[in-house]
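Required output: the full structure, derived from the provided sequences and hints.
If you read the protein sequences in the order shown, they are chains Z and S. Counting in our numbering, the first sequence runs from 648 upward without gaps. Counting in our numbering, the second sequence runs from 9 upward without gaps.
It should be emphasised that the hints constitute simulated quantities derived from the structure, not laboratory data. This one's a predicted model, so the numbers in the text were calculated from it and none came from an experiment. Positions of the beta carbon are idealized from the N, C-alpha and C atoms, including for glycine. Warning: the hint list may mix true and false statements.
To be verified - Coverage of chain S stretches by chain Z, computed from C-beta distances (three or more under 8 Å per stretch; other residues unrestricted): (1) 106-115; (2) 126-138; (3) 190-197.
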Amino acid sequence: MKKIRQQFADTVLEVGVKDKKLVVMVADISHGIMQPFAKKCSNRYYNIGICESSIVNMAAGLSKSGLNPVVHTIAPFITERAFEQLKLDFGYQKQNLNLVSVGGSFDYSKLGCTHHCYTDVSLFSHFKDASIMIPGSSEEFDVLFKKNYKKKNIKYFRIPENSHEITFKKKQIVFGKAIKVTDGKHLTIVVTGTQLKNAIEAKNILFKQDYSVEILYYHTIRPFDHLKLRASLKKTKRLLTIEELSAHGGLYDQCIRSTIGINGIKTKQLAIFDFIRGYGSYEDLCSRAGLNTLNIVTKALKLIK
Amino acid sequence: MILNKDLRIKIVKMITKAGEGHIPSSFSILDIVHFLYNNIIKYKSRNPKWEKRDYFVLSKGHGAPALYVVLNKFKILKDKHIMEYGSKIGILGGHPDATKVPGVEASTGSLGHGFPTAIGLALGLKIQKKTNKIFVLIGDGECHEGTIWESANIATNLNLGNVCAIVDWNGSAAQLMPKDDLLNKWKAFGWKTFVVNGHSDDEFKKVFKKIKFSLNGTPSLVLAKTIKGKGVSFLEGHGKWHHKLPNKEEQKKIFKELT
Numbered sequence: 648m649k650k651i652r653q654q655f656a657d658t659v660l661e662v663g664v665k666d667k668k669l670v671v672m673v674a675d676i677s678h679g680i681m682q683p684f685a686k687k688c689s690n691r692y693y694n695i696g697i698c699e700s701s702i703v704n705m706a707a708g709l710s711k712s713g714l715n716p717v718v719h720t721i722a723p724f725i726t727e728r729a730f731e732q733l734k735l736d737f738g739y740q741k742q743n744l745n746l747v748s749v750g751g752s753f754d755y756s757k758l759g760c761t762h763h764c765y766t767d768v769s770l771f772s773h774f775k776d777a778s779i780m781i782p783g784s785s786e787e788f789d790v791l792f793k794k795n796y797k798k799k800n801i802k803y804f805r806i807p808e809n810s811h812e813i814t815f816k817k818k819q820i821v822f823g824k825a826i827k828v829t830d831g832k833h834l835t836i837v838v839t840g841t842q843l844k845n846a847i848e849a850k851n852i853l854f855k856q857d858y859s860v861e862i863l864y865y866h867t868i869r870p871f872d873h874l875k876l877r878a879s880l881k882k883t884k885r886l887l888t889i890e891e892l893s894a895h896g897g898l899y900d901q902c903i904r905s906t907i908g909i910n911g912i913k914t915k916q917l918a919i920f921d922f923i924r925g926y927g928s929y930e931d932l933c934s935r936a937g938l939n940t941l942n943i944v945t946k947a948l949k950l951i952k
Numbered sequence: 009m010i011l012n013k014d015l016r017i018k019i020v021k022m023i024t025k026a027g028e029g030h031i032p033s034s035f036s037i038l039d040i041v042h043f044l045y046n047n048i049i050k051y052k053s054r055n056p057k058w059e060k061r062d063y064f065v066l067s068k069g070h071g072a073p074a075l076y077v078v079l080n081k082f083k084i085l086k087d088k089h090i091m092e093y094g095s096k097i098g099i100l101g102g103h104p105d106a107t108k109v110p111g112v113e114a115s116t117g118s119l120g121h122g123f124p125t126a127i128g129l130a131l132g133l134k135i136q137k138k139t140n141k142i143f144v145l146i147g148d149g150e151c152h153e154g155t156i157w158e159s160a161n162i163a164t165n166l167n168l169g170n171v172c173a174i175v176d177w178n179g180s181a182a183q184l185m186p187k188d189d190l191l192n193k194w195k196a197f198g199w200k201t202f203v204v205n206g207h208s209d210d211e212f213k214k215v216f217k218k219i220k221f222s223l224n225g226t227p228s229l230v231l232a233k234t235i236k237g238k239g240v241s242f243l244e245g246h247g248k249w250h251h252k253l254p255n256k257e258e259q260k261k262i263f264k265e266l267t
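As structure tokens, this is what we get:
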């Protein structure tokens, strides 16, 4: 299965060859896989250097000159470090930015907390016009990027290192719309990113215990598909959210807005509540945050029973 | 000699009426901004978004009143806009809002943002082979910000010869960091440097005749020696007047010195 980061390189190459206004700036990350773009679009590729804040400001300048900028590097450095630049240049001034990150949450699990990023999605949630996407497969990235990259707002694409390994047809992937992965009546699981894989495993375990789970998968966090969730919750009355994100301002918060006016809803949230210190594999750190199949089953049963 | 006395009076009137603004900082940069619009920058009053215009970015956003009165003098802003400065019905405030104000290219105020934006703008124009020039005004205190030096480095590495930065060198930076060697720093970053009296049109003219613009060259840096509060004796220098409003008695003294 193609890595989503590779798809990013392939998609911007395909788009960039046709659209002379597409410009890519990286902060010394993914430089190798970007070489085809660099060769085909030689005056529109810049490995600027390790200066993330300035790169975001520069992207504002590119946008002011009429170009469509793409900025790419590791999530904490381009979102948390450069947040004021993002706020003022793009939140306040409403310009075009395509921000493509890698290394959200635990993808650099063995490099420690300096390279983790939990808060990116919640930070962008403060901007009414921002589009926030977590493409969990290469197809999702391709569809979502092509659909959105020219728009005059912030588009944040959070690329996970690992795909959820489910292949959706391209026509199933619609910007701003959740994908109903399974039908169910006892519980609604809302999930984003790589965690879809764990959610499906948990659903299979629960099925053996005669519980059916409706899984709604969100590749787009903003705009949020409230309609699909409300329809599901009216049926199940039970909501479990799974997000490899800060517990504040992310998927759960969006879901809670969907529950307004629906009585008798019970909810639980699996998310990141504090720094996950230490090292280990991606799965190790996810487990430390409670983001694994066993814990999903445990929490689901508490909600259902 | 004090230049632009009429504009200085206008700045004091608009700021005192609104009860907000930085008078000494505006006086510090006024002659630079006026010189650029009067002699160098290409613009169309009735079409501020004219495709062939030169770009001026006020990175030192709190000097905005100086920019406003210059834009007003050259008919980009209306008298009405100046009258409504700082009010709920107006578009002008203590820091400029590019989403609303004709002639303002970037919303600035938080220091260290406008300059890298101007560098991005220069790169964007270079990519498109457009020959518009970019002028960006930075405070010397603003040069404490790390993004200034990141971007200074980027500009020379990308050969952005379409940029001219002007530093309002009024000594603010040296209050906190006395090693005030800005000339050597900019030289070390590879910029072609010029030093000028920031309150002299004649000196500016001589310097700007020497500045070469190109899409593949060395960016230029004009270090403009200025006096914060220039033009009114008791406003000059550093200290309490930075963000202070004059009372009626003090206003009379200001107007007397400028008349």
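So, going through the hints one by one against the coordinates:
1. 106-115: That given contact holds, which follows from 5 residues of the stretch 106-115 of chain S lying within Cβ reach (below 8 Å) of chain Z.
2. 126-138: Holds, because 11 residues of the stretch 126-138 of chain S bring their Cβ atoms closer than 8 Å to Cβ atoms of chain Z.
3. 190-197: violated (count 0)
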